[in-house]
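Asker: Protein sequence lines, in the order shown, are assigned to chains A and B. Its first residue numbered 1, the first sequence is counted upward by one per residue in my numbering. Its first residue numbered 414, the second sequence is counted upward by one per residue in my numbering.
Misleading hints may appear alongside valid ones.
Restraint-style ranges between C-beta atoms, simulated for each label pair [unchecked claim]:
#, chain 1, residue 1, chain 2, residue 2, range
1, A, E373, B, S595, 22 to 30 Å
2, B, K650, A, K105, 22 to 30 Å
3, A, D249, B, D771, 28 to 36 Å
4, A, E373, B, K498, 40 to 48 Å
Reference excerpt, derived from the structure (chain A facing chain B, CB under 10 Å, subset only) [claimed, not checked]:
#, residue
5, P18
6, S46
7, G51
8, P89
9, A90
10, P93
11, Y96
12, L204
13, A235
14, A306
15, G401
Derived from the structure by calculation, the hints contain no laboratory data. Where is the CB? At the ideal position from N, CA and C, for every residue including glycine.
Number of protein chains: 2
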Amino acid sequence: MTMKTLKGAALVGQSGGPTSVINSSLYGVVKTALENENITRVLGMSHGITGVLNDQLFDFGKEDPNELARLPYTPSSAAGSCRYKMKDPAVDPTDYERILEIFKKYDIRYFFYIGGNDSMDTCQKVSAFMAKSGYECNVIGVPKTIDNDLFGTDHCPGYGSAAKYIATTMMELYLDATVYDSGMVTVVEIMGRNAGWLTAAASLAGEYGPDLVYLPEVVFDMDAFLDDVQRIYDAKKKVIVAVSEGVKDKDGKYISEYGSSIASSKDAFGHAQMGGLALTLTGFVKSRINTKVRGIELSLLQRCAAHTASGTDIEEAFMVGKTAVESAVSGITGRMAAIIREDGDVYSSKVELVPLEDVANYEKKVPLEWIGENGSGMSKEFFDYALPLIQGETGLGKENGLPRFAKLKKEII
Amino acid sequence: MTMKTLKGAALVGQSGGPTSVINSSLYGVVKTALENENITRVLGMSHGITGVLNDQLFDFGKEDPNELARLPYTPSSAAGSCRYKMKDPAVDPTDYERILEIFKKYDIRYFFYIGGNDSMDTCQKVSAFMAKSGYECNVIGVPKTIDNDLFGTDHCPGYGSAAKYIATTMMELYLDATVYDSGMVTVVEIMGRNAGWLTAAASLAGEYGPDLVYLPEVVFDMDAFLDDVQRIYDAKKKVIVAVSEGVKDKDGKYISEYGSSIASSKDAFGHAQMGGLALTLTGFVKSRINTKVRGIELSLLQRCAAHTASGTDIEEAFMVGKTAVESAVSGITGRMAAIIREDGDVYSSKVELVPLEDVANYEKKVPLEWIGENGSGMSKEFFDYALPLIQGETGLGKENGLPRFAKLKKEII
């Protein structure tokens, strides 16, 4: 840690899958940096770290401040994103040498990267390489992911909004899927490859919530699942299932891959066609119960539905970005801005810095003791954890009945 | 037409697929009827006309007025729905005789049925049978359908909210699906078996709208579609397609059925598995272009997303219900309450009564001259038609960060 205030340009970028509030973190970084006297310029990476490697940067100082102020309510990654995995610099330092070259070219002394596990790994590697090279640059990671699987932070900006969308949508789907007098099984597929935080959020719909909930933290057994569905169906003729895309059987095989033999096949040119988990499960349910069965995949909608983002999430996303800049200017480097839940009956949170090496490449899963048996849902501990995160509404402005999102020029310098 | 004010009970029901605002029409009927001195009781059908046939009625006078006041913001059909097709009374009058029996039992003199084409057909048949039987009962149909395919009304309550959801979601999906530097084709499947009004609404997203739009009004040619996608992909590497579930080829075969040979197969017990149109089209695109291809089906979400309903739609839905009651009490029968768009630069509408026989069993399609060639989208006439319908926001209340929907007791009398 240098603990030294540097003077120079700041560079900020976004990486990985977008969320509804990743631009609120971007605004937290950009606004705070633009206002700081030690920061000479605030540059953005076009499409994350690939924008550095390709020398594709733009100047946030050239953007209309009124448009920047719309960023907290604009979904997806306004600077553009990438999915570029940095190599180990000990194996191949090419990318890092190129980054150093660009840092020198623009006198970049502050580096902020907003993303999930891989992005924190990138931050960590860039930070270590700069230190080793003797180039002074303070590096702070800013957490983001709807999956909520980042270590070191109580929860992750992006999760609260996705959870609010999922719970709201489950309530609406419940009312729709139970409207007829006839039987019906509805299977809702929710994102989350290894951690079930998003699927767990379906339970927040309470009395309008799913009858059965399956998270990837628990081994998925097809026979037990079909028994669970049959039991609920026999009792009330309407069954709503929420299931993580990442559920696996006892051998570690994704249930969605069961579809390769039954629910999908080859396309016209012989390519394998995957139908997804919802289609696979609806196929199995139809084999067991003679009723209407519908599969619904929330797909990208759950990570970009900014029109129903959580106000708390927007605010916290901004705070981690703001604190990242303040910390970097105070001389801190090699850390991630994390959200700490404070004690007390009323929810409150603060931002603290945690070492990047404690965060990168670990996945935080839902505690097993929070997950009910036989798909029966989530414990009170989960509700206590998640409900505060979905409170408050977005300040999204509308024009002509539709969202008015931020428009950036992003002219490459 | 009797043109006679009757004294007695009113009966109201909902039928067919729900919408975000069908309960606003229900509230328009119920509130107006509860306040009218000629109406002795306001009864609800549990699950539409089947609730009459099964003598499953409940009393709206017993419901909490504060809960009833939440109906305009509550999606789906609060009274329950059905998909029961009435027989021709000349062939089999059993159902009608049963309905007459129930009408007599509860002294029902007003009958309001909220629904689409089939429901207007039911209204028409009930009205004709009562007239023939000499039983005085004023029958008014109240239009509802997200599909917007009802004749006799400028547009249909339910459409504006679905259109607003689709346009909003397309904007958000656009930002998400174009966030990476790499190529991607996104195919969004939208409801509409024979009429493309909903898919056309995707265009309202404007600069965030789909590159290509396919409605069922135009014959779908797979080769032309793939050429269209290829052309846009070559130009900008990102292609977003909005397509109606009901698109058909020149032989009248649904494109989604192409999937039966390529994108779907048999389940474990030999049942055919349909993958849907989005999966079928993504399969064909993958065969042609070597890039990431994603299919998204908006599914039920587009008809129940009350959290982003159109304020104009909620208001007009209420007005058709209110006017239905006022008209029936003034002695009108055998009509549907229709929305008439008034002349002028600023949008306004009024409600008028149209004969049920002019409405029932016809489908109103998108004018061909409003649809661009080669998937190029909608004309200015469509925008002028649809934009006013998505204006204004819902008054939906929230509790604990989530929607607070109406809760009815619906105790069967």
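Asker: Next step is simple, just say for each hint if it's right about the structure.
Answerer: Status of the hints after comparison with the structure:
1. The hint said 22 to 30 Å for the Cβ distance between E373 of chain A and S595 of chain B, and at roughly 42 Å that hint is violated.
2. At roughly 28 Å, the beta-carbon separation of K650 of chain B and K105 of chain A lies within the given 22 to 30 Å, and the hint holds.
3. A hinted range of 28 to 36 Å for the beta carbons of D249 of chain A and D771 of chain B is inconsistent with their spacing of about 58 Å.
4. For the hinted restraint 40 to 48 Å between E373 of chain A and K498 of chain B, the CB-CB distance of approximately 43 Å keeps it satisfied.
5. At a threshold of 10 Å, the smallest CB-CB gap from P18 of chain A to chain B is about 5 Å, leaving the interface hint in force.
6. The interface hint given for S46 of chain A is met, as the beta carbon of that residue sits about 8 Å from the closest beta carbon of chain B, less than 10 Å.
7. Proximity of G51 of chain A to chain B holds as hinted, the smallest CB-CB distance being about 9 Å (cut-off 10 Å).
8. With a least beta-carbon distance of about 23 Å to chain B, the hint placing P89 of chain A at the interface is violated under the 10 Å criterion.
9. A cut of 10 Å between beta carbons decides the hint on A90 of chain A: the least distance to chain B is about 27 Å, and the hint is violated.
10. Below 10 Å, beta-carbon pairs count as interface contacts, and P93 of chain A has none with chain B, the closest being about 23 Å; its hint is therefore violated.
11. Interface restraint check: Y96 of chain A against chain B, minimum CB-CB distance 20 Å, threshold 10 Å, status violated.
12. For L204 of chain A, the suggested interface contact is upheld, since its CB lies about 7 Å from the closest CB of chain B, less than 10 Å.
13. Given hint, A235 of chain A at the interface with chain B, is violated; its Cβ is 19 Å from that chain's nearest Cβ, farther than 10 Å.
14. This hint holds: A306 of chain A has a C-beta 6 Å from the nearest C-beta of chain B, less than the 10 Å allowed.
15. For G401 of chain A, the shortest C-beta to C-beta distance to chain B is roughly 4 Å, which falls under 10 Å, so the interface hint holds.
The structure fails hints 1, 3, 8, 9, 10, 11 and 13 (numbered hints given earlier, in ascending order).
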